[in-house]
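Quick mapping for you: the protein sequence lines, in order, are chains A and B.
Just so you know, we're using the working numbering here: the first sequence kicks off at 1 and counts up by one.
Just so you know, we're using the working numbering here: the second sequence kicks off at 1001 and counts up by one.
Think of the hints as simulated: they come from the structure by calculation, not from any bench.
Don't take each hint at face value.
[Stated by the list, open to error] To spell it out: a stretch of chain B is covered by chain A in this simulated footprint if at least three of its residues, at any positions, have a beta carbon under 8 Å from a beta carbon of chain A; those stretches are:
#	region
1	1025–1031
2	1034–1041
3	1133–1147
4	1156–1162
Beta carbons: idealized from backbone N, C-alpha and C, even for Gly.
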Amino acid sequence: MKFFLKIFIFVLPLSEAYAEGQETAGLPQMDISTFPSQLFWLIITFTALYLFMWKFVIPRLSTTIEERKDKISNDINDAENLNSEASKILENYNDKMNSASLESNEIVSSSKATMNEYLDKLKKDNEIKINAMITESEKKIHQQKQQSEQEIKKATIDTIKSIVSKYVETIPSDDEISKKLN
Amino acid sequence: MAADNPIDPIHQFEISKIAEMQIAGIDISFTNSSLFMVFAIAATMTLFILGLSKRSIVPNRMQMLSELSYNFIANMLRDQVGDQGRAYFPFIFSLFMFIFFCNFIGLIPYTFTVTSHLIVTFAFAGLIFLAVTIIGFMKNGLGYLRIFYPSGIPIFLAPLIVPIEIISYLSKPISLSVRLCANMLAGHSILKIFAGFIVMLGFLGFAPLIFLVVLYALETLIAALQAYIFTILTCIYLNDALHPDH
């Protein structure tokens, strides 16, 4: 700024030289005769502006700004409420999901149990049947064995009888033969 | 008058009468200064009338501008003075808008800068000084005199500190008014001088032209800055009056 001031000081006499022969009253700022007019109009214009700002601008601007603030805080409140509601719903949903999965697990495990029971029962029944069949067949085999043994014995006696009858007159009785065989 | 001189940097500050008026022998003619005062308040009123014509939650550009200036000054006042400053908000707001528009309108070529006249800035500064002093005594009684003796100063320094504080208090309106006036005066003079150089140098005039463009940007900044400084200093003085202990 010093540089500018130097130029200023340098140019001032120059301009005064241009204005040679004309009245140079110095700075217009120092002309006291203009002061009352400036003060008068300053008071009028500034008072007008002050009243305009005080009565018109500031009440309207402040209500607008307040309204906006209220609206924003209301909206934020609403958003917060909705947010908490949404999180509640989410919680609910999660709870329901959990209970449903628990329930389904229960159903699965209970059905498994009933199935196992059924299978066990089936197995037991079949085992019993099989055992019964086994004992029956064993009995039959035993019977058949005894029968065949007797038949073999009879056949043996008959064979012996027929062989003996070829060589001997007196035919031994069945009892005698069986005694001898044993 | 040096009206014909193309490079007289002072010519722009001259006051010329537009309509002659007198009250009780005192000359209160409507001058170019008065005209530009009217322009400044008209510009302010236009801004706010346009800004407030359609008040909506989502503001348009003009509403944005008026709300921006409102919030700017309101925040300044709240930061500097606190809630007690609320009552003085209309004055501070009007003051800022008036000085701001006077400074800015003065930047347009062939216009007049109202705030380049010491009497105008001194009228504001004097009014602020008187108001702040009256408010200080009304709110604090004689306790307001404490501002001349800051707390924590040893008593033997009082004869030195108290006169300094009194002088600095009394010089506040002078420094406040001269700062604004001198900035406007010097800035606009320099602009005029460089504009004159362009004419004088002919073809070589592009060099001062570039400089003038840069300078004009600087002056635009200064116009806003000085309005801000004037307003914030007013807030600081007001705070001193309301809270003399700090």
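Worksheet item: Per the coverage rule (Cβ-Cβ under 8 Å, at least three residues), is the region 1156–1162 of chain B covered by chain A?
Response: violated (count 0)
Discussion item. Using a Cβ cutoff of 8 Å, are there at least 3 residues of the region 1034–1041 of chain B near chain A, or does the coverage claim fail?
Written reply: Coverage by chain A holds here, the residue count being 5 at a Cβ distance below 8 Å.
Discussion item. Is the coverage entry for the region 1025–1031 of chain B by chain A consistent with the three-residue Cβ rule at 8 Å?
Written reply: holds (count 6)
Worksheet entry | Per-stretch coverage check for the region 1133–1147 of chain B, three Cβ contacts closer than 8 Å to chain A | violated (count 0)
Hint compliance for this structure: hints 3 and 4 are broken, all remaining hints hold.
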